[in-house]
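K.L.:
One letter stands for each residue in the lines below.
There are 2 protein chains.
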Amino acid sequence: MIIEKNGFIHHVFFWLKNPHSKEDLASLIEGLTKLKEVSTIESFHIGKPAATNRNVIDSGYSLSWLLLFKNKEAQDSYQVDPIHLNFVDTCSHLWSKVIVYDTIGIE
Amino acid sequence: MIIEKNGFIHHVFFWLKNPHSKEDLASLIEGLTKLKEVSTIESFHIGKPAATNRNVIDSGYSLSWLLLFKNKEAQDSYQVDPIHLNFVDTCSHLWSKVIVYDTIGIE
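First to last, the sequence lines map onto chains A and B. The working numbering applies: residue 201 is where the first sequence begins, and numbers increase by one. The working numbering applies: residue 201 is where the second sequence begins, and numbers increase by one.
So that you can see chain A by itself, here it is in the shape it has in the complex (with noise of 0.2 Å):
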């Protein structure tokens, strides 16, 4: 598990509009796992919230979706992709809430 410092890190959190619901569950990771195919991203990983529970930590949402791209352009393009303007398209009624957090290494 390597995360080079000069990358750009994408994660994504999901809340489902039904967050009990299994099949929508299994609509949202049938979604990314072909959003996953977009060629500018390095790595990907797909989460659930861990079983930890302390009163900083956030695990209402439904899925972590985390990727490593080679730098913001590599991102930027993944924005506008095909892949990823049909998976918005395909999936987003799925949710209710997102929440992105852009990062890139401090000098």
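Please keep in mind that the hints were generated in silico from the structure rather than gathered at the bench.
You can't tell identical chains apart in this list, so a pair holds if it fits in one copy or across any two.
Below are the DMTMM-like pairs computed for lysine to aspartate or glutamate, each with C-alpha atoms no more than 20 Å apart in a straight line: (1) K248 - E230; (2) K205 - D276; (3) K270 - E204; (4) K272 - D258; (5) K234 - D276; (6) K236 - D289; (7) K234 - E307.
The hints should help you fit chain B onto chain A, whose structure is shown.
P.N.:
Relative to the frame of chain A, chain B by itself:
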């Protein structure tokens, strides 16, 4: 850049009490630089908000601290490691807010 499917992702976002203080930012970076020596950490990344801007992006934090662990047990051990406890003791006065996302791979 590789994220192992079965690893444990620990992503922390810090909001500084004095967000415009370069000294406080430097102190927190110094603290994290010591903290990265905890032996159960597989990979770490100290980051800042990227220059992206959409309504779903939260870019108000001061620093991002992304850690990859082999599994939950390794992260549990990190939480009680003396280096981590010392970091909290010496740096917690610097921040006003912390959000933590702990994530494991989907099956």
